[in-house]
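There are 4 protein chains.
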Amino acid sequence: MTLDDLIQRLREFADARDWEPFHTPKNLVMALSGEVGELTALFQWLTPEESAAAMRNPELRPDVVDEIADVTLYLVRLADMLGVDLLDAANAKIDRNEVRFPRKANREGEAGGN
Amino acid sequence: MTLDDLIQRLREFADARDWEPFHTPKNLVMALSGEVGELTALFQWLTPEESAAAMRNPELRPDVVDEIADVTLYLVRLADMLGVDLLDAANAKIDRNEVRFPRKANREGEAGGN
Amino acid sequence: MTLDDLIQRLREFADARDWEPFHTPKNLVMALSGEVGELTALFQWLTPEESAAAMRNPELRPDVVDEIADVTLYLVRLADMLGVDLLDAANAKIDRNEVRFPRKANREGEAGGN
Amino acid sequence: MTLDDLIQRLREFADARDWEPFHTPKNLVMALSGEVGELTALFQWLTPEESAAAMRNPELRPDVVDEIADVTLYLVRLADMLGVDLLDAANAKIDRNEVRFPRKANREGEAGGN
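Chains as they are written, first to last, in this note's numbering: chain A, 27 to 140; chain B, 27 to 140; chain C, 27 to 140; chain D, 27 to 140.
I should point out that these hints are in silico values taken from the structure, not numbers from a laboratory.
Keep in mind that a hint or two might mislead.
Some chain D residues near chain A, calculated using beta-carbon distances under 10 angstroms [to be verified]:
hint, residue
1, H49
2, K52
3, M56
4, G60
5, G63
6, T66
7, N83
8, P84
9, L86
Note that CB positions come from ideal geometry on N, CA and C, so glycine has one too.
So that you can see chain A by itself, here it is in the shape it has in the complex (with noise of 0.2 angstroms):
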């Protein structure tokens, strides 16, 4: 299962119900607005630090990969709608962040010398 595949399969998966009419940008981007409130919810009482040991909670693991999963569905769904290309513009954000957030001065000592 490549992201390729996962873009072909909704692409069926929609077409085979006649969903595409519903499929638009705007209606998309609520679909996905929607589904990252339902993942919100299962953090919203946490400590951070219980967030981050959330996947050894037997309760809550299954719900924390099924909502990620319902977002991951509409950003890409949304993003084949559009035209845009996920893993292209990621990377090209990140070039830009490169610049406007630049790292940490040198280590000295961990680079040995440079």
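Please arrange chains B, C and D on chain A, whose structure you already have, making use of the hints.
Structure of chains B, C and D alone, referenced to chain A:
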């Protein structure tokens, strides 16, 4: 650039800036939610039809790509910190959705007999 | 029931359940965000026109009222825990928006001679 | 300034700018969601303790008040366009929550017998 490359690049980016302590799942879910909010704002006053043409709007297009990228970065980073495989989770969810939302009645009859 | 009554009732509700330790602004912002996500989900597949008729849909109406209520409860509680006066803050923001978004040019005729 | 005054002021504000056609519930839910995203971003990297002290941070305080105001404006406008009375809806929801989340065992015994 594959998804695995992106995960690796984000790890190095956070490590080089000592950002890991901030990257708890609770904080990353909030960051994801904030970026989805910015993406939502781009589409809020558009009609569904205008949203479908967003990428042909030269003023809107770069902002849409930029926000989609930000959402992707935080989702990929969140899944990595939780130890969730995004593609596996998404694929398993479609398996469940295939059962939950059966496809339309067989189209062969439709095509053959109408 | 005034807004002050609602603030007071929410304080007593949280106090009677020992929920105050969970009601940090960070947690309440997440709870607010989760409820807005549920509200968003109710409207995601509707056309703008269908959304305008949502309250005449007997299946949708109670869910809309319920989610609007949840959003209100968390917003009011968040503002109370932060010490922000919601109405003052909103009013001051409209003052700023009056400057930022000037009203349309005076409508001749309407004003009868100006 | 009461909530009714705020509702009225928002009606006049939208009317003076011919914004009513944009203020469908679908669009207003998205605008609300976008503003909650901006509010969330202010708290995303804070610890719960830092979030509780946000209003004593002179850099953060005006932004928090500003985003709370924006969320309030869109929530009030959305409820008005839907014909939902925010305070009635919130109050009725607490009535239901009183049943759903019973308060702790009577504290009198606690206080009297320990």
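Here's how the hints hold up against the structure:
A distance limit of 10 angstroms between C-beta atoms decides the matter here; for H49(D) the minimum to chain A is near 15 angstroms, and the interface restraint is violated. For K52(D), the shortest C-beta to C-beta distance to chain A is roughly 8 angstroms, which falls under 10 angstroms, so the interface hint holds. Among the interface hints, the one on M56(D) holds; its C-beta lies about 7 angstroms from the nearest C-beta in chain A, closer than the 10 angstroms criterion. Satisfaction of the interface hint for G60(D) is found here, the shortest Cβ-Cβ separation to chain A being roughly 9 angstroms, below the 10 angstroms cut-off.
Taking 10 angstroms as the C-beta cut-off, the interface hint given for G63(D) holds, the closest approach to chain A being about 8 angstroms. The beta carbon of T66(D) comes within 8 angstroms of a beta carbon in chain A, closer than 10 angstroms, and the hint placing it at the interface holds. Annotation: N83(D) was flagged as interfacial toward chain A, and the flag is violated, the nearest CB pair being 19 angstroms apart, outside 10 angstroms. Because the closest C-beta pair between P84(D) and chain A is about 24 angstroms apart, greater than 10 angstroms, the hint is violated.
The restraint placing L86(D) at the interface with chain A is violated, with a minimum CB-CB distance near 19 angstroms, outside the 10 angstroms limit.
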